[in-house]
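Student: Sequence:
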Amino acid sequence: MLSLKNGINLGGWLSQCDYSIHRYETFITENDYKQIAVWNFDHVRVPFDFNLIEDESGNDIPAHWKYLDNAVRWGKKFGLNVILDLHKTAGYDFNDFGNNEKNCLFDDEKLQERFLNLWNKVSKRYAEESHVVLELLNEVTDLDFIEPWNKLIVRAVQVIRQNTDAPIIYGGVCWNSASFVQNLVVPPSQNIIYTFHLYEPLLFTHQKAGWVEALKDSPSIPFTEDIQFFREKSRDLGYMGENILKTKSSRMGTEFFEDFLKNALAAAKANGVPLYCGEFGVIDKADPQETVKWFRDVLNVFDKHDIGHAIWSYKDMDFGLTNPHYEPLRRYLFSRR
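Quick note: the sequence shown uses numbering that gives the first Met the number 0, first residue 0, plus one each step.
Treat the hints with caution; some may be incorrect.
[As the list claims (entries may be wrong)] Label-pair ranges, simulated between beta-carbon atoms:
{"#": "1", "residue 1": "Gln288", "residue 2": "Asn116", "range": "28 to 36 Å"}
{"#": "2", "residue 1": "Arg336", "residue 2": "Ser219", "range": "27 to 35 Å"}
{"#": "3", "residue 1": "Glu212", "residue 2": "Asp106", "range": "23 to 31 Å"}
{"#": "4", "residue 1": "Ile60", "residue 2": "Lys245", "range": "26 to 34 Å"}
{"#": "5", "residue 1": "Lys123", "residue 2": "Glu224", "range": "25 to 33 Å"}
{"#": "6", "residue 1": "Glu224", "residue 2": "Lys247", "range": "14 to 22 Å"}
{"#": "7", "residue 1": "Gly57", "residue 2": "Pro287", "range": "27 to 35 Å"}
{"#": "8", "residue 1": "Arg250", "residue 2": "Asp17", "range": "22 to 30 Å"}
{"#": "9", "residue 1": "Asp164", "residue 2": "Phe228", "range": "18 to 26 Å"}
{"#": "10", "residue 1": "Lys247", "residue 2": "Gly57", "range": "32 to 40 Å"}
{"#": "11", "residue 1": "Glu326", "residue 2": "Gly78", "range": "20 to 28 Å"}
These are calculated hints, taken from the structure and not from any lab test.
Values in this document were obtained by computation on a predicted structure and should not be read as measured data.
Just so you know, even glycine gets a beta-carbon here, dropped at the ideal spot from N, CA and C.
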């Protein structure tokens with residue numbers, strides 16, 4: 000298995016962007032890969048959207064494949080493994096939660112065939128690149144998608160395995176929640192990795208986030224608040240606060256993260272696969288020192304259970320590690336090397 004111990008996301012480059020040539024050619028460059036390697040990360044997770052390389056009808060955009068090629072080539076040059084993460088596909092976008100007209104992938108066989116064809120093309124193109132890992136789809140949302148998602152996983156793995164034995168990553172519903180790793184299909188092949196994302200407690204990691212209605216006007220919240228505080232305030236978040244409400248831990252910190260991850264760890268162990276955290280981080284509106292405390296506890300739990308991980312994110316996106324706001328965090332992370 001490739002080393003995916005300590006990575007970082009390149010969010011906002013080939014996904015969640017304006018899809019302009021200027022963005023593709025300037026937001027992340029070869030020098031950024033060099034910097035990431037200097038910082039002793041061992042891999043990058045590269046989110047990309049289907050419309051980088053396909054038009055709305057599913058036809059290839061040949062000139063745009065070079066940007067994925069760059070993502071792969073620069074990784075090889077600087078000794079970084081590369082996860083190609085399909086962040087958005089035709090008929091599915093995690094941002095469209097609750098919109099059944101837009102998120103119709105799991106009800107539409109033609110869109111599923113298109114999804115499989117995309118992975119056939121990607122896996123065939125990079126079949127000889129031994130440092131590439133393939134992540135099937137970012138953050139499947141609805142509970143109703145558990146069964147159809149598992150069925151599509153099996154089909155996608157079968158398609159990819161016709162071209163390459165590269166590691167394949169997939170995660171559960173509710174935005175890759177660790178709570179739903181246990182509902183994932185038994186690995187249909189070797190070289191499978193289960194993934195989850197960690198932004199708990201959301202009250203802390205997403206405080207003042209403009210895209211979360213319930214939090215955009217929230218006060219500054221320290222990570223060191225009592226867990227009862229997080230329980231009480233999380234009730235106002237609805238489904239986004241459920242993980243805090245369900246925990247049996249008596250304090251915030253490593254005890255909470257251990258409790259939150261125990262079922263995912265058990266599922267991964269039972270199925271003989273590694274567990275990987277594809278995204279975790281704290282918004283740049285949180286206090287920098289409190290952010291360090293959160294990372295310290297999360298990383299201690301990851302280290303204890305040998306959970307590889309990728310920070311969200313390298314640049315901008317309200318979480319960008321290169322932002323001066325994160326200087327205390329950078330010092331802490333580099334001290335752990």
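Student: List in ascending order the numbers of the hints, as given earlier, that are violated by the structure.
Tutor: 1, 4, 5, 7, 8, 9 and 10
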